[in-house]
Amino acid sequence: MATQPPKTTPISVSELSKYNGSDPSLPIYVAIKGDVFDVSKNTSSYGPGAGYNVFTGKDSSKALGMSSLKPEDCIADYSGLTEKELETLEQWHAFFSKRYNIVGKVVPDK
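With the numbering used here applied, the sequence shown covers 1 to 110.
Because the hints were derived from the structure by calculation, they are not lab data. Just so it is clear, the structure is predicted and the values come from calculations on it, not from any experiment. Cβ atoms here follow ideal geometry from the backbone N, Cα and C, with glycine treated the same way. Among these hints, one or two may not hold up.
[As the list claims (entries may be wrong)] Simulated pairs of lysine-lysine, PhoX-like, Cα-Cα distance not exceeding 20 Å:
| no. | residue 1 | residue 2 |
| --- | --- | --- |
| 1 | 33 | 18 |
| 2 | 98 | 41 |
| 3 | 105 | 33 |
| 4 | 41 | 84 |
| 5 | 70 | 7 |
| 6 | 110 | 98 |
| 7 | 18 | 98 |
| 8 | 18 | 41 |
| 9 | 70 | 84 |
| 10 | 33 | 7 |
| 11 | 33 | 70 |
| 12 | 41 | 7 |
| 13 | 84 | 7 |
| 14 | 110 | 18 |
| 15 | 84 | 33 |
[As the list claims (entries may be wrong)] Here are the in silico distance ranges between beta carbons for each label pair:
| no. | residue 1 | residue 2 | range |
| --- | --- | --- | --- |
| 16 | 110 | 82 | 30 to 40 Å |
| 17 | 110 | 83 | 33 to 43 Å |
| 18 | 105 | 41 | 14 to 24 Å |
Input sequences plus hints: build the corresponding full structure.
See the structure below:
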């Protein structure tokens, strides 16, 4: 359950990549549509070797919209999604918003 109001702290693409579960001293982040969610409390799904770890440390909007676990689909650009896939993406964003705190917003590297 999300317990904190959403934050808008800027998190660069390269900074976000550090939060993929490979360093146990760092939280695990998944970004959807530019919002960065802290999924650390669910390491069984998002931790190293877990089924959804492919989504961590990046904005995986396209893959979530496509219901894809392929690393090559884990990109932020979801402009090519169909209407149905966009609906799926919105459902994922709503699902994450209810369960995980938004800790920041993805910004481009300088």
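Structure-based check of all given hints:
1. A distance of roughly 19 Å separates the Cα atoms of residue 33 and residue 18; the hinted pair therefore holds under the 20 Å criterion.
2. Proximity of residue 98 to residue 41 is assessed by CA-CA distance (about 14 Å); at most 20 Å being required, the pair is judged to hold.
3. Simply put, residue 105 and residue 33 have alpha-carbon atoms about 9 Å apart, close enough for the 20 Å limit, and the pair holds.
4. For the hint pairing residue 41 with residue 84, the CA-to-CA distance comes to about 30 Å; that exceeds 20 Å, so the pair is violated.
5. Annotation: proposed proximity of residue 70 to residue 7 is violated, straight-line Cα distance about 29 Å (limit 20 Å).
6. At roughly 31 Å between alpha-carbon atoms, residue 110 and residue 98 are farther apart than 20 Å, so this suggested pair is violated.
7. Pair hint residue 18 plus residue 98 does not hold up; C-alpha atoms about 24 Å apart against a cutoff of 20 Å.
8. This hinted pair checks out: residue 18 and residue 41 have alpha carbons roughly 17 Å apart, not beyond 20 Å.
9. At roughly 19 Å between alpha-carbon atoms, residue 70 and residue 84 fall within 20 Å of each other, so this suggested pair holds.
10. Simply put, residue 33 and residue 7 have alpha-carbon atoms about 14 Å apart, close enough for the 20 Å limit, and the pair holds.
11. Restraint check for residue 33 and residue 70: satisfied, since their Cα atoms lie roughly 18 Å apart, inside the 20 Å limit.
12. A distance of roughly 18 Å separates the Cα atoms of residue 41 and residue 7; the hinted pair therefore holds under the 20 Å criterion.
13. A C-alpha spacing of about 29 Å is found between residue 84 and residue 7, which places the hinted pair above 20 Å, so the restraint is violated.
14. A C-alpha spacing of about 16 Å is found between residue 110 and residue 18, which places the hinted pair at or below 20 Å, so the restraint holds.
15. Under the criterion of a C-alpha separation no larger than 20 Å, the hint pairing residue 84 with residue 33 is consistent with the structure, at around 16 Å.
16. The given range of 30 to 40 Å is respected by residue 110 and residue 82, whose C-beta atoms sit roughly 34 Å from each other.
17. Between residue 110 and residue 83 the C-beta distance comes to about 35 Å, which sits within the given range of 33 to 43 Å.
18. At about 21 Å, the beta-carbon gap between residue 105 and residue 41 stays in the expected band of 14 to 24 Å.
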